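Make a model of the complete structure from these sequences and hints.
Heads up: the sequence shown is residues 1 to 382, going by the UniProt record's numbering.
It is worth saying that the hints were derived from the structure and are not from the lab.
Just so we're clear, the structure is a prediction, and the values are computed from it rather than from any experiment.
Hints are not guaranteed to be accurate.
[Claimed, not checked] Simulated pairs of lysine to aspartate or glutamate, EDC-like, Cα-Cα distance not exceeding 16 Å:
#1 Lys370 to Asp356
#2 Lys377 to Glu354
#3 Lys75 to Asp114
#4 Lys63 to Glu101
#5 Lys303 to Asp340
#6 Lys63 to Asp12
#7 Lys230 to Asp278
#8 Lys245 to Glu272
#9 Lys371 to Asp340
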Amino acid sequence: MAFFIRSFIKEDDVSKLQSYIVSHNVNFNMDSFCEDWPTYSLMTTSPQLIHYSAQCGSIMCFKFLLINGATLQEKFYCHHYCIGNPQLDCLHYAIAGQNIEIIRLVMQHNLHFDESHLKIAIELHNISLFDWIYDSIAQEITEQTIICCFNHLFFPSLVLSIICCFNNFFLYGLKKSFEIDWLRALEISCMNGFTRFSTILLNNKIDSIEYSLFRAFRNSIASCDLLIVKRLYKISFLEISEKIKSDLYSPLLDAIIYLNIPIIKYFLSLEEIGINNDGSGSYAYIQTPLIEAAKSNHTEIIKMLLERSDIDINKHASNRITNCFPFIIIVYNNNKELIDIFLQHPQFKLNKTELDEIMKYKDIDGKIRKKILDFYKHSKEV
Numbered sequence: 001m002a003f004f005i006r007s008f009i010k011e012d013d014v015s016k017l018q019s020y021i022v023s024h025n026v027n028f029n030m031d032s033f034c035e036d037w038p039t040y041s042l043m044t045t046s047p048q049l050i051h052y053s054a055q056c057g058s059i060m061c062f063k064f065l066l067i068n069g070a071t072l073q074e075k076f077y078c079h080h081y082c083i084g085n086p087q088l089d090c091l092h093y094a095i096a097g098q099n100i101e102i103i104r105l106v107m108q109h110n111l112h113f114d115e116s117h118l119k120i121a122i123e124l125h126n127i128s129l130f131d132w133i134y135d136s137i138a139q140e141i142t143e144q145t146i147i148c149c150f151n152h153l154f155f156p157s158l159v160l161s162i163i164c165c166f167n168n169f170f171l172y173g174l175k176k177s178f179e180i181d182w183l184r185a186l187e188i189s190c191m192n193g194f195t196r197f198s199t200i201l202l203n204n205k206i207d208s209i210e211y212s213l214f215r216a217f218r219n220s221i222a223s224c225d226l227l228i229v230k231r232l233y234k235i236s237f238l239e240i241s242e243k244i245k246s247d248l249y250s251p252l253l254d255a256i257i258y259l260n261i262p263i264i265k266y267f268l269s270l271e272e273i274g275i276n277n278d279g280s281g282s283y284a285y286i287q288t289p290l291i292e293a294a295k296s297n298h299t300e301i302i303k304m305l306l307e308r309s310d311i312d313i314n315k316h317a318s319n320r321i322t323n324c325f326p327f328i329i330i331v332y333n334n335n336k337e338l339i340d341i342f343l344q345h346p347q348f349k350l351n352k353t354e355l356d357e358i359m360k361y362k363d364i365d366g367k368i369r370k371k372i373l374d375f376y377k378h379s380k381e382v
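Structural data, given as structure tokens:
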């Protein structure tokens, strides 16, 4: 019985629900024996039909049950506790259903937001619901709630793709709680490209504590967040410069790995970012940015790099036994446009090692093979 009723409610099929209730003489306040809780905080509870309708966001079934006398006042015990509140009311289920009309109908029956409802919105990653609840009870929020929500949000097993967008709440938390890991929050925010929250975190940096922002900087490159990349580069210039010198790090190479044109252009505009510096690239190469761009076969990026007058177009990957040259990679990729650009570049030189490697490659187009051989012969004659 419960299975059929739940399926009708989930589909919001009020006609089937009504027919089933009438034909089987179902009590409007029967338990739903819920097995599909949308959030962790609602688990282990067995709500009644109207609460289950609210949880599913099924407005037609909810109204039908409400009109027929189903009660909204019943509370249900939750073993996991919802921010210290084990008694869940219909408003918790309505928030879980994320249907604004149902939430407003429930609130008309003398049920109001409190701290325990915040966690439901956070678990759902619903920013608009969170802001609504937060704005309604901001004056009542305690530091204990802040700490509890932060611990919940940054628990490693959670999906972190949206948590950093709850700006009001986090601003309050940053000012109130000493138990919040500022650096970890920044690194997660940068990793997910949350520009607004990363900005808030940086604006609320605790000046008395020294932080290493290098990981956050690399995370912001990976998420293609140009605004935060620029800010972190300026803040951490000395640390990043030291990494470039001592650890074979190249921020330009990082940006090329993630194929982000605006960030690449930004780094190319900085004189201190060496365009020919070796760095740790993909596949464990120690290589130049040009080689990384060649591996990605990204014509636009390679053209941008070649526009720099100080580019070393001939430099190979320094830790490869086979002498991995950018031109060899471009030939292997059969990129005819780039092959022509290289052959016409005034600084390009083709040595015997490169030529031998290229000629071993059987899949090269005959015209390209001849063009490369002619270039090599001509360069030897000059």
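Verification of the hints:
At most 16 Å may separate the alpha-carbon atoms for a hinted pair to count; Lys370 and Asp356 meet this at roughly 14 Å. For the hint linking Lys377 to Glu354, the alpha-carbon distance of about 13 Å falls within 16 Å, and the restraint holds. As the CA atoms of Lys75 and Asp114 are separated by approximately 15 Å, the hinted pair is consistent with the 16 Å bound. The straight-line distance between the Cα atoms of Lys63 and Glu101 is roughly 10 Å, inside the 16 Å bound, and the hint therefore holds.
Proposed proximity of Lys303 and Asp340 is supported: the alpha carbons are some 12 Å apart, at most 16 Å. Proposed proximity of Lys63 and Asp12 is supported: the alpha carbons are some 11 Å apart, at most 16 Å. A C-alpha spacing of about 22 Å is found between Lys230 and Asp278, which places the hinted pair above 16 Å, so the restraint is violated. Pair hint Lys245 plus Glu272 holds up; C-alpha atoms about 11 Å apart against a cutoff of 16 Å.
Between Lys371 and Asp340 the alpha-carbon distance is near 9 Å, which keeps this suggested pair within the 16 Å criterion.
Violation of the numbered hints given earlier is confined to hint 7; every other hint is satisfied by the structure.
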